[in-house]
Amino acid sequence: MRKFFKIAAILACVVSFSPAQAAEKLNGAGASFPYPVYSAWAFDYHKATGVQLNYQSIGSGGGIRQITERTVDFGASDAPLTPDALAKAKLLQFPAVIGGVVPVVNIAGVKPGEMRLDAEASAKIFLGEIKYWDDGKIRALNPKLKLAHTEITVVHRSDGSGTTAVFTEYLNAVSPDWKAKVGSGTAVKWPVGIGGKGNEGVANYVQRTANSIGYVEFAYAEQNKLTYTLLKNAAGTYVTPSFAAFEDAADTGTFDPKNHFYLWLVNAPGKDSWPIAGATFILLAQEKMDANRKVVKFYDWAFKNGDAKAKELVYVPLPKSLKDKIRAYWKANGAQ
Amino acid sequence: MAVTVKRNPGDIIFFSLTAVASCTIIVFIVGIVFVLLTESSLAIQKFGVIQFLTSTEWDPVKETFGALTSIYGTIVTTALSLLIAIPVALGIAIFITEVAPNFLRAPIGIAIELLAAIPSIIYGMWGLFTLSPLMGNTVEPFLKKATASIPLVSVLFQGTPMGIDVLTASVILSIMIIPFTASIARDAFNLTPAVVKESAYALGTTKWEVVKNIVIPYSKLGVFGGILFSLGRALGETMAVAFVLGNNHRIFTSLFDSAATITVTLANEFTEADKDIYLSSLFYLALVLFVMSFVFLAIAKFFLLRAERRYSR
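Respectively, the protein sequence lines represent chains W and F. Just so we're aligned, residue 1 is where the first sequence starts under my numbering, counting upward by one. Just so we're aligned, residue 1001 is where the second sequence starts under my numbering, counting upward by one.
Rather than coming from a laboratory, the hints here were simulated on the basis of the structure. There's no promise every hint is true.
As the list claims (entries may be wrong) - Okay, derived cross-link-like pairs now, DSSO-like style, lysine-lysine, Cα gap no bigger than 30 Å in a straight line:
no., chain 1, residue 1, chain 2, residue 2
1, W, K124, W, K258
2, W, K179, F, K1046
3, F, K1275, W, K189
4, W, K325, W, K309
5, W, K90, W, K131
6, F, K1144, W, K88
7, W, K294, W, K90
8, F, K1145, W, K90
9, F, K1145, W, K179
10, W, K258, F, K1145
11, W, K323, W, K304
12, W, K271, W, K144
13, W, K131, F, K1275
14, W, K179, F, K1144
15, W, K144, W, K88
16, W, K258, W, K225
17, W, K181, F, K1145
18, W, K111, W, K131
19, W, K288, F, K1062
20, W, K131, F, K1144
21, F, K1275, W, K181
22, W, K271, F, K1207
23, F, K1062, W, K90
24, W, K232, W, K294
25, W, K90, F, K1046
26, W, K144, F, K1062
27, W, K258, F, K1275
28, F, K1301, W, K189
29, F, K1207, W, K189
30, W, K331, W, K225
31, F, K1062, W, K131
32, W, K90, F, K1275
33, W, K88, F, K1145
34, W, K271, W, K294
35, W, K189, F, K1046
36, W, K124, F, K1046
All values reported here derive from a predicted model rather than from experimental measurement.
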């Protein structure tokens, strides 16, 4: 019996160690928003190169903490870290993929893309200052729609999220009133409304609450066929949320490698830009050259081969100009 | 009293193994308290104890945090769920122990234990997709209409019924704790000596009289302890209510308002808490909950022990 245990123990050691030596493994952790696309890329990358990438979607806050403590090879965050914060934690940062946030409504008789909103109206609705759908401001933007005197129900996220960060960053950028009263962040003190947990929670509440308005990631609006609105962008055009509109925003947004690409992609100046978008970011430890090279190799591969997969999952791939900037940034920091 | 045992190696190994196993529990508790204290020290320093416990401000943007809204939400939802659950649970327990014919007792008992075994996330999903629309569309408008003319009560049912509110959360919580309360109450009722019950029946008392005058007085403390255990469970329940409470930090008066409890706040905000003081305040909230649960469970244990002592005499 004892002999049997000894043999079993030795076998167990051998079995558990051998694959660790054979396969290369990368560990990342962070934002949950890009998790589907990262894992899809990781799956294809593993097939193509044999390198395993293990990404845990524990949330942006956790991703930042883990890379700061150097327990993972890379972290991921929906919110960009400021150059100061990056310098303090000795981190590098680059965007990986872009997502958009879309206001969605549920009003009887209003179809997707029919309701037009501008920055002022959006901010006032979410501040609770516009209370009814037949408010003069909304009627002026939508002369063709028949809007009844019904109370607006605002639906926001109850959990902290990158989606909320992007959306409130947009309201911050367009409304001084919002900036003074509420501000921006992954979770804020909402003046009005009810909270749904996750994109699915908000989508669910908007779908079943008449006369409601909420905000979800573009993918959720697409997949659940929600009634998205048009938004007036900084150039004054009413834009439909679409891949083209997000790409335009990414193209005209001024990502600057000198600031480690710190940018909230809101209110982009382009003529056809969707105003509420956000890149999601990868964080690297400055001194871990070896690991960085491997992580960068993965993202370089994904930039080359992963665009179709990203689109399939309703993420917006980075425009070519931005990819080139990122490659130059990698070279400059010795990661490629 | 001490008995000297002849020490053989097997005994020593056995003793140390079981002793180590028991000590891990204490190590875990001390470890948890230690982690909660160190992680929340930043928030404790900044907000103090009194200010944190009495402030209703929870604003991650301005980085001011107070626990009162969460504590208030926790206490109200827990109290409300107990209010719903206790009568039902006692009814179940009385039915199984005294009223039901023998062939029904086992199936109902098993059904209750199964209900207790359902993971709480399933209650949460069911609450979000099934119960919440039902409450918002049918039950709550009815309650609102029914109470509209009653002066003080109508305050509790003000606002637009959405189904994402204190009432829905309390109903889900009550469904979760009913099996818990019922099975402890059943065990307590079963402690009533059969001889006493049979004597009462022999004197010609009815079932109702036996339950009222014999069973309940005998098992009072046990049932009370069971209720406190359920209270502890309701206090700490997270996933079942995280979806339907809305995580809204304010002091509410209407049961149709969305609110926040400590656990709901933690579940919703922990992953994306990006600032040190924010994270530390969440740990501080967890510490508050830990102390609350500890106190309630200690009281529960005290009553159960007293009950046991009384019967063993």
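Against the structure, the hints come out as follows:
1. For the hint linking W:K124 to W:K258, the alpha-carbon distance of about 36 Å lies beyond 30 Å, and the restraint is violated.
2. For the proposed pair W:K179 and F:K1046, the alpha carbon gap of about 25 Å is at most 30 Å, so the pair holds.
3. Restraint check for F:K1275 and W:K189: satisfied, since their Cα atoms lie roughly 16 Å apart, inside the 30 Å limit.
4. For a cut-off of 30 Å, the pair hint linking W:K325 to W:K309 stands: about 22 Å separates their Cα positions.
5. For a cut-off of 30 Å, the pair hint linking W:K90 to W:K131 is broken: about 47 Å separates their Cα positions.
6. With a C-alpha separation of about 55 Å, the suggested pair F:K1144 and W:K88 falls outside the 30 Å cut-off, and the hint is violated.
7. With a C-alpha separation of about 18 Å, the suggested pairing of W:K294 with W:K90 holds against the 30 Å cut-off.
8. With a C-alpha separation of about 61 Å, the suggested pair F:K1145 and W:K90 falls outside the 30 Å cut-off, and the hint is violated.
9. Between F:K1145 and W:K179, the direct Cα distance comes to roughly 40 Å. Violation of the 30 Å bound is thereby established for this hinted pair.
10. In summary, the hint linking W:K258 to F:K1145 is not supported, as the alpha carbons are separated by about 62 Å, beyond the 30 Å threshold.
11. Restraint check: the Cα-Cα separation between W:K323 and W:K304 comes to about 9 Å, which is no more than 30 Å; the hinted pair holds.
12. Pair hint W:K271 plus W:K144 holds up; C-alpha atoms about 24 Å apart against a cutoff of 30 Å.
13. Under the criterion of a C-alpha separation no larger than 30 Å, the hint pairing W:K131 with F:K1275 is inconsistent with the structure, at around 33 Å.
14. Between W:K179 and F:K1144 the alpha-carbon distance is near 37 Å, which puts this suggested pair outside the 30 Å criterion.
15. A threshold of 30 Å between alpha carbons decides the hint, and for W:K144 with W:K88 the separation of about 53 Å lies outside it, so the pair is violated.
16. Pair hint W:K258 plus W:K225 does not hold up; C-alpha atoms about 40 Å apart against a cutoff of 30 Å.
17. Of the pairs offered as hints, the one joining W:K181 and F:K1145 is violated, with about 36 Å between alpha carbons and a cut-off of 30 Å exceeded.
18. For the proposed pair W:K111 and W:K131, the alpha carbon gap of about 21 Å is at most 30 Å, so the pair holds.
19. Of the pairs offered as hints, the one joining W:K288 and F:K1062 is violated, with about 35 Å between alpha carbons and a cut-off of 30 Å exceeded.
20. Note on W:K131 and F:K1144: the hinted pairing holds, with a Cα-Cα distance of about 22 Å set against a maximum of 30 Å.
21. As the CA atoms of F:K1275 and W:K181 are separated by approximately 20 Å, the hinted pair is consistent with the 30 Å bound.
22. Between W:K271 and F:K1207 the CA atoms are separated by roughly 81 Å; this puts the pair beyond 30 Å, and the hint is violated.
23. In summary, the hint linking F:K1062 to W:K90 is supported, as the alpha carbons are separated by about 26 Å, within the 30 Å threshold.
24. Between W:K232 and W:K294 the CA atoms are separated by roughly 42 Å; this puts the pair beyond 30 Å, and the hint is violated.
25. The straight-line distance between the Cα atoms of W:K90 and F:K1046 is roughly 27 Å, inside the 30 Å bound, and the hint therefore holds.
26. Taking the CA atoms of W:K144 and F:K1062, the gap is about 41 Å. The hint is violated against a cut of 30 Å.
27. Distance check on the hinted pair: W:K258 and F:K1275 sit about 24 Å apart at the alpha-carbon level, within 30 Å; holds.
28. At most 30 Å may separate the alpha-carbon atoms for a hinted pair to count; F:K1301 and W:K189 exceed this at roughly 39 Å.
29. Distance hint between F:K1207 and W:K189 is unfulfilled; the C-alpha atoms sit about 56 Å from each other, more than 30 Å.
30. About 42 Å separates the Cα atoms of W:K331 and W:K225, which puts this hinted pair outside 30 Å; it is violated.
31. Of the supplied pair hints, the one linking F:K1062 and W:K131 holds, its CA atoms being roughly 26 Å apart against a limit of 30 Å.
32. This hinted pair checks out: W:K90 and F:K1275 have alpha carbons roughly 17 Å apart, not beyond 30 Å.
33. Taken as a hint, the W:K88 and F:K1145 pair is broken in the structure, with Cα atoms around 59 Å apart against an allowance of 30 Å.
34. Among the hinted pairs, W:K271 with W:K294 is inconsistent with the structure: their alpha-carbon atoms are about 38 Å apart, more than 30 Å.
35. Between W:K189 and F:K1046, the direct Cα distance comes to roughly 20 Å. Compliance with the 30 Å bound is thereby established for this hinted pair.
36. Only pairs whose Cα atoms come within 30 Å are accepted, and W:K124 paired with F:K1046 is rejected, the gap being roughly 34 Å.
In summary, the numbered hints that this structure violates are 1, 5, 6, 8, 9, 10, 13, 14, 15, 16, 17, 19, 22, 24, 26, 28, 29, 30, 33, 34 and 36.
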